[in-house]
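J.: Here's the letter readout for the chains.
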Amino acid sequence: MKNRLVVTISDMKISRRPRDLLVTHSLGSCLGLAAYDPASKVGGLIHCLLPRAVGPNVQNPYMYVNVGVPLMIRKLAAMGCAKESLIFKAAGCGRMNLIQNQFDTGAQNMAMLESLFTKNGVVLAAQDVGGTIPRTLTLDVETGKVTITSQGQEWEI
Amino acid sequence: MTLRDQIIARAEQLPQMPAPVMRIMAYLSKPDADLAELASAIEYDPGLTVNVLRMANSSFFGGAGGITTVRDALFRLGTRRVVQLVIASGVAPRTQPPVAGYRLAEGELLRHSVALGTGAEVLARELGLRAPDHTFTAGLLCTIGKIVLGQFLEVDADQLLTLSSKEDIPFEVAERRILGIDHAELGALLLKRWELPSPIVNCVRWYMDPDAAQDEERDEALDLIHVGHVMATMSGIGQGLEGMRSTVCQDCFDRLKLTQDALIDSMAQMVTTLAEIEVILSRTGA
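First to last, the sequence lines map onto chains D and H. Following our numbering, the numbering of the first sequence begins with 1 at its first residue and continues without gaps. Following our numbering, the numbering of the second sequence begins with 1 at its first residue and continues without gaps.
Hints should not be assumed to be uniformly reliable.
[As the list claims (entries may be wrong)] Here are a few chain D residues that face chain H, going by a calculated C-beta distance under 10 Å:
| # | residue |
| --- | --- |
| 1 | Pro56 |
| 2 | Arg74 |
| 3 | Ala78 |
| 4 | Gln100 |
| 5 | Asp104 |
| 6 | Ala111 |
| 7 | Gly144 |
| 8 | Thr147 |
| 9 | Trp155 |
| 10 | Ile157 |
These aren't lab readings, by the way, just hints derived from the structure by calculation. Don't be surprised by glycine CBs; every beta carbon is placed ideally from N, CA and C.
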């Protein structure tokens, strides 16, 4: 029986226990990012609400893509993951009908991730982003398998 | 009898607001009400008293702690604000159970509703506006029509979703096409029947589509609530089957002179504040 560890909005969890499933629900315009090292079999999952903090005082770094994602990677490295062997998969970043680009936090979340990764030479292995569907993202720590469930359907990315 | 008429007829059979809340609500139309009399009316109900004191003492509702009596709360927050908190406290439990038709688990609709009301309030503060007193309460009540459709009438949202996806139309348009009424209109009808003040009823009626409201039905709370709804939806809080299939009214953003940074900051504050308010309202026993 798998153990579901739920990652809430603006939260991050890491596990090396094979029986754990890291799960995050209700990805609207938020970014869900799964990171997995197949060598050490360590996985991490983050659920970022926003692309960046407006002011300098960041109470919760996991709320923001620009500080939360690098922090997750540092924590994974501290648990023995080699940065170059991490596999990253992204989901979420949805968009409401007729929202103007400047308020489209979903697209901004994705753009921030892409900019971070480009700067650091990291490649995104898979993504399922945009549109209007709600998404639940799951990372199986035993296998590294990443699945999305939405509106009664389930698929692997 | 059309499906729309059947739905309205069924909604009319739903129980009224709790009697103490109805009694207290009547004070909204009495600007010269005796504070001692109003305080007694609230204190008559222990559940309401506890909730009013909890909310009045939370930093979110403007109290700074140390409010120990209902009379204190009325002095510090004002009569209208306290009566709004009583209404919120009376209606919130109705949004707590699961709403099968919309695939919402227990507590999810309440969470979404609280996020919407909280979002509207934090947005006003971020923009340096004084939110009208009914803003939070009206925001909290916006989704009450989903309770009627999804819980009591067991409307099957799969059918709505299929139409919405197939024709690429907003979810509320699919509600109108299939049911003859959307959850916002039904919610407003219900609240009108419960004799809630018209500023609240109007906000609930038009929160999905503020530009469709008549001038006399529109106030600043409506714009704040619409953006609160956008913020709650994008955050995915209490998200139902429909996901983000609703339409944004850009005019609301323009009227409020909203900036990108103000939206980002407000969403952060909404998520941070949400837990505190949700705990208070999910415990309500009114």
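J.: Could you run down the list of hints and mark each one as holding or not?
T.: Evaluated hints:
Using the Cβ-Cβ criterion of 10 Å, the hint placing Pro56/D at the interface with chain H is not satisfied: the shortest such distance is roughly 13 Å. Among the interface hints, the one on Arg74/D is violated; its C-beta lies about 22 Å from the nearest C-beta in chain H, farther than the 10 Å criterion. Against a cut-off of 10 Å between C-beta atoms, the interface hint on Ala78/D is violated, since the closest Cβ of chain H lies about 27 Å away. Because the beta carbon of Gln100/D sits about 6 Å from the nearest beta carbon in chain H, less than 10 Å, this interface hint is met.
The interface hint given for Asp104/D holds, since its Cβ lies 9 Å from the closest Cβ of chain H, which is under the 10 Å cut-off. The interface hint given for Ala111/D is broken, as the beta carbon of that residue sits about 13 Å from the closest beta carbon of chain H, more than 10 Å. With a least beta-carbon distance of about 25 Å to chain H, the hint placing Gly144/D at the interface is violated under the 10 Å criterion. A cut of 10 Å between beta carbons decides the hint on Thr147/D: the least distance to chain H is about 17 Å, and the hint is violated.
Residue-level restraint check for Trp155/D is violated (minimum Cβ-Cβ distance to chain H is 16 Å; threshold 10 Å). For Ile157/D, the interface hint is violated, the least distance from its beta-carbon to any beta-carbon of chain H being 17 Å, above 10 Å.
Checked against the numbered hints above, the structure breaks hints 1, 2, 3, 6, 7, 8, 9, 10 and satisfies the rest.
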